[in-house]
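Build the full structure now, drawing on both the sequences and the hints.
Number of protein chains: 2
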Amino acid sequence: MEKKVITISREFGSGGRTIGREVANTLGIPFYDKELVEQVALESGFAPTFVEEHVEHSPGKTLFSYAFTPQGVPGVMNGLSTADFLWNIQCNVILQLAEKGPCVIVGRNADYILKDRADCLHVFIHADKDFRADRIVRLYGESEKTPQARLNEKDKRRKVNYQHYTGRNWGQAHNYDICLDSSKLGIQACTDIIIDLVKNSK
Amino acid sequence: MEKKVITISREFGSGGRTIGREVANTLGIPFYDKELVEQVALESGFAPTFVEEHVEHSPGKTLFSYAFTPQGVPGVMNGLSTADFLWNIQCNVILQLAEKGPCVIVGRNADYILKDRADCLHVFIHADKDFRADRIVRLYGESEKTPQARLNEKDKRRKVNYQHYTGRNWGQAHNYDICLDSSKLGIQACTDIIIDLVKNSK
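The listed protein sequences correspond, in order, to chains A and B. Take any residue in the first sequence, count from 1 to its spot, add 7: that is its number in my numbering. Take any residue in the second sequence, count from 1 to its spot, add 7: that is its number in my numbering.
Rather than coming from a laboratory, the hints here were simulated on the basis of the structure. You may find that some hints are simply not true.
Sample of chain A residues facing chain B (criterion: CB under 8 Å; computed from the structure) [claimed, not checked]: (1) Y172; (2) G178; (3) Q179; (4) A180; (5) H181; (6) D184; (7) I185; (8) C186; (9) L187; (10) D188; (11) K191; (12) L192; (13) A196; (14) L204; (15) N207.
With a straight-line Cα cutoff of 20 Å, these simulated EDC-like cross-link-like pairs (lysine to aspartate or glutamate) come out [said to hold, decoys possible]: (16) A:K206 - B:D199; (17) B:K107 - B:E50; (18) B:K206 - A:E149.
Glycine included, every Cβ here is placed at the ideal spot set by N, Cα and C.
Here you go:
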């Protein structure tokens, strides 16, 4: 079956976003990453920076979020925690985007949200820690934390968030159609493999 | 770096062996599967059928194996359980095969045994249960157990054996350079991707 929607789940620093953007450019289809956060923000009433911070939060950290009310939409959270409220909106946004037409969606547990669509190619990009540590310093600069600490924190967040909302274990090959180690194969080879798979599915 | 040795770990019924054989044929390099069992049998003194049964056994099942002595090599087991004794021989055989030159090795935890060689491409082939159930009945025939029960038994064995001897979790994307779902991508596409990766690594 033709693969129209490509979801790319990725480890922080693995190059998954770069790969996704290049796949979308080559295939001439929309690429959703920050755009998705903006859409969720628009529908939730929260600021984009707040949404970005919370959609990958470990759910336990939202215990006190009931005190917040999104701007302009008082009372719509129906007793949900901020994370759960945003999760529901995110699910709807992703389902709608996939319905609109071919696209690449990076992160946001889209592999799970779109698991019942047969026209999706679900990809996981991972890489060894040295490769990722080097990459985040080059791309995002230094910070007061060591690159290793930054990776550990992000890895833990994504793992907890993914397990909480999907009931699956993060990084299990079974969750994806294809998993690629960008540190071993190279970012260009990963990009080419995905493009070929989509083209050959037609 | 040129990828000379391809290890293929696979779920029972996923087509990993078929893919491995086709990759070896196309690249014109040796394919080790049953041949590997025969080599281990030769070096251990056990019969090939006994080796095949025990190398994928869960280690707990070998508690009473101290009573057995391999034919022709009395006293060489040095107090090791049969599984551990065979594991040591298997490690040496696989290390020697990789040293001899380009090849494809299916199963036997070769991904872990050869993890320190940079000239290896480590592949994991998995597939959904319906695809595998259908395939094992077509390839190996019916048995008194249901296909699902046969899959569950084999999956459990491989998982326990892998975890015991490698300390890693079976099916984690991190253990491999590339993981492919043969039920979603098709056996031919999986074969082609591996061949291209090896050819392009030169």
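Tell me if the interface restraint on A:K191 is satisfied: Cβ within less than 8 Å of some Cβ in chain B. 4 Å, holds
Please work out if B:K206 and A:E149 have their alpha carbons no farther apart than 20 Å. 38 Å, violated
At a threshold of 8 Å, is the proposed contact between A:H181 and chain B supported by beta-carbon distances? Hint on A:H181: holds, closest Cβ of chain B at ~6 Å, below 8 Å.
Interface hint status, A:Q179 versus chain B (Cβ within 8 Å): Where the cut-off is 8 Å and the nearest Cβ of chain B is about 6 Å from A:Q179, the hint holds.
If you draw a straight line from the CA of B:K107 to the CA of B:E50, is it 20 Å or shorter? 17 Å, holds
When the least beta-carbon distance from A:G178 to chain B is tested against 8 Å, hint result: 5 Å, holds
Agreement of hint A:Y172 with chain B interface, Cβ distance less than 8 Å: 19 Å, violated
Regarding the hint that A:A196 lies at the interface with chain B, is the smallest CB-CB distance below 8 Å? 7 Å, holds
Under 8 Å is the threshold here; is the Cβ of A:A180 close enough to any Cβ of chain B for the hint to stand? Holds. Min distance 4 Å.
Holds or violated: is there a CB of chain B closer than 8 Å to the CB of A:L187? It holds, given that the least Cβ distance between A:L187 and chain B is near 6 Å, below 8 Å.
Straight-line alpha-carbon gap A:K206 to B:D199, limit 20 Å: 14 Å, holds
Hint validity - A:L204 Cβ closer than 8 Å to any chain B Cβ: 7 Å, holds
The structure fails to meet hints 1 and 18 from the earlier list, while all remaining hints are met.
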